[in-house]
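Novice: Chains as they are written, first to last, in UniProt numbering: chain U, 1 to 816; chain Y, 1 to 134.
No lab work stands behind these hints: they were computed from the structure.
All figures in this text were calculated on a predicted structure; none of them were measured in a lab.
Check each hint, because a few of them may be wrong.
To spell it out: a stretch of chain Y is covered by chain U in this simulated footprint if at least three of its residues, at any positions, have a beta carbon under 8 Å from a beta carbon of chain U; those stretches are [said to hold, decoys possible]:
1) 8-18
2) 40-46
3) 57-64
All C-beta atoms in this analysis are idealised placements derived from N, C-alpha and C, irrespective of residue type, glycine included.
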Amino acid sequence: MDIQYQGENLLPGQLGQFFIILSFGAALLSCISYCFATRYKEDASWHKIGRIAFFINIIAVIGIGSSLFYIIYNHLFEYHYAWSHSSRTLPVYYIISSFWEGQEGSFWLWMFWQAVLALVVVARGKSWESPVMTTIMLCQTVLASMLIGIEVVGERVGSSPFILLRQALEAPIFSNPNYLSMIADGNGLNPLLQNYWMVIHPPTLFLGFASMVVPFAYGIAGLWQRKYKEWLRPALPWSLFAVMVLGAGIIMGSFWAYEALNFGGFWAWDPVENASIIPWFTLIAAVHVIVAYKNSGHSYFTATFLVLISFVLVIYASFLTRSGVLGETSVHSFTDLGMYWQLVVFNLIFFALMVYFLASRWKELPITKKDEETYSREFWLFIGALILVVACVQIIATTSIPVFNAMFGTKIAPPVNAIAHYNKWQAAFAILVLILSAIAQFLKYKKTTPKIFYANLLASFVVSLVVTGILLYFTKVYTNFIYVLLSFGAVFALVANARILGDAFKGKWKLAGSSVAHIGFALLIIGALVAAATNKVVSLNAGGSIPIAGFEEREKPGENLFLYINQPVEMGGYTITYIGDSIAMPNIYYKVNYERKDEKTGKVIEKFQLTPNAQQNPKMGLIGTPSTRHYITKDIYTIVTSAPKLDDPQEQEHNHEGHDPNEGYEEPTTQLVNIGDTLRYKNGFIVVKGVNRNATLQNMPLANGDLLFALQLEVHAVTGEVYQADPKYLIKNGNSFDFAKDVEEQGLRLRFTKIAPNKGMELMIYQKPLPEKKWIVMKAIEFPYINFFWCGTIIMTIGFVLSIFRRNKELKGKIV
Amino acid sequence: MKKGAILGIIIIAVAIAMIISIYTDSSTYATFTDAQKTESEIHVVGELNKTKALYYNPTENANYFAFYMLDNNGTECKVVFNGSKPQDFERSEQIVLTGKMVGKEFHASKILMKCPSKYNKDQVEVTESASTNV
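Based on the sequences and whatever the hints tell you, model everything.
Specialist: Written as structure tokens, this is what we have:
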């Protein structure tokens, strides 16, 4: 029996689903037409169809996005995507983040950027348009297939964002035609993603990923059309663009990790992070080798191979993060949406494309048989690229351990200390790359006179030694030999490139881009090194914790600090006081005051407040967001790791319908008392003043023969207040009753329950548990010189922009 | 000899060194019984014994968290973690511990947990909303 469901708004979903099919069909048609247009150049109609189909594809992609946004924005929880990624309480700007929280939304983002980039190719590609667009549209077709979500021969292809909640899940409520009215709210956005970086980091990252298809497509087009040398020229600015955007996107991710995540750092070598940095490394290597080839004719194959493999690695990265293969090795990855094999196929298609064209054109490739000169720039650029590739192989090998496990059925676990494992290798590669980026700047293409080279190098070398010494002295990174070498490498790269930049100011402007980018990279490494090597946990083992026998001696001391409200604690040179919190639902901001005093005079020299916040998410528990005090030379980072649970107001109401009238009180104490006795209670003492035999009851007239007694008590609180209380005891018709008296301010309930002749009167004291003192557990970390890291990033990006302008100018000057 | 050949040899040497390094650094997924036999740090996969209470009392020690875990063979062991209780620990479905046995306790240096993610385990939470009595 079909159920007629009420209140569902099915139109946007149907429209969206239509646009998905349309985008898939249009992309496929465009791909095929462009392919024929490339083969039959005389027939202009193929080219025309290709273009029209591409424009339809763009419209369809925008249509998908608009439908999905409409659904999320209007909280149409009949759709699974809106229900699982957003909620009514979500502010509008985070609705944008919830758009790409799911896999489907991020695939859409990729398609959207790819369409935008393809538009640029169509507008400016000229003779390259048809072959390049063939590959881009092939990729667009595959991406659209990821969203289709229909069954083909028993296998579900893709996962549609427009699937209805009742189609996605099986639950008894869906037998109710009016089920929608019972779903009050969606699951909401993961609190960790409720951060402004999450609004712009994913689009930037995906623009980076998407733009990598363009150099790849040029590479395939070049091999396909046998224009072996020509394709590198337009591919170079595109590669620079991709490297710049992807680099910026990755660093934004580390900004987000630093500001919103609780692992206390900016880079953790998580498989998901690695997956995005691998193609970045290979494309950077590619850029260097393309430049070398353009100037010397050497390293053609390496350049082509690196450009092509970079995009294949982008697809591999999305396989790693989206297929669920990483399993327990990563905290960030998606779980499988049933697209495991589809992602594998995506990988294989583009890998096969690369292998086919490289193999079939192998004999025609313009590879020189000559050996490079040792004193030439191209040789050392080539070496640098090789080192980057080897560095990549190391990252891929360790990150792919779960993939090997899946392939060969082995059960190898990743290194226990992954960060140390990666750092050990990557530090060595970074040293080599940095030193090469300094040396290569003093070499000329083809041939350099060794004498001049060494003379130039020596000056920079000496200056670098001095600067490194100063740097080490101030940042205190001299504890480890590798750190010292890495610092020297970075400073050397900095000094050498600064010198080239100096020449640029004298008029050699075209050199500016590369030197600025290298300076940025060197600064980034210095910042990362110093911050990672010398960051110290300020809240380390500082009082407030009782060592557990046999535990803390062996292990590192605890890093979490316990704070009661208004009780100052000394920690790492600061006096820290938790002074209260303010609530702006759903976040709670914990106010923590930091004070630093002059050791001798005791005068406060510095005072500031940090407000780390936490969301007590009913589904995910306490999720902390750090608050950071920024200085020029360091950051102080503070995060709340534990706090008392907020009372749920609904639960308290339940208690009122309680069955036991004494609920909420602790076990009572029962004592026999006489006049003049003093009794203790938690918060003070009670004095028995006397017994009133003539007491009356408010609502109950006394009959003859009834006996009523009232016990006159005086409650003295430690804070000085005095309260009167008179619990009563009634004997009526041979039965006894008692009337309790509450002193609510003190959380007391007093019952007069019996009279024992000649012994005294029985008094029961009920007490509420003392209201708990507020507390938090926090962790504070000092990151010295982290600003170098952020500065370096910005400078590096500027360097890329300069280079793009330069290569673009070359392109116009020579080809147009 | 050509420079290319020398380079090739160097790269192969580095690659071999890397592979050896990865395999010496890598560890194995083990059970608590295996952990008893070794001194080195290993990974143990299992799930939280939800019938036993978690122990985390920050007022006493903010850096001591203890719980009972069942490994994949069903062996139970007390686990002690030198830190605060990870967020949402009670709801974890699977736990991966890194650490080693100290006496009868497993001292974890790292806890990784898989929670019922919003992507795979959907449970519609039905709450009464105002419009129920339509």
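Novice: Hint by hint, note whether the structure agrees.
Specialist: To see whether the hints hold, each was checked on the structure:
Under the rule that three or more residues need a Cβ within less than 8 Å of chain U, the assignment of the region 8-18 of chain Y holds, with 4 such residues. Only residues whose beta carbon comes within less than 8 Å of a beta carbon in chain U count, and the region 40-46 of chain Y has 4; three or more means the coverage holds. Residues of the region 57-64 of chain Y with a Cβ under 8 Å from some Cβ of chain U number 7, which satisfies the need for three, so the listed coverage holds.
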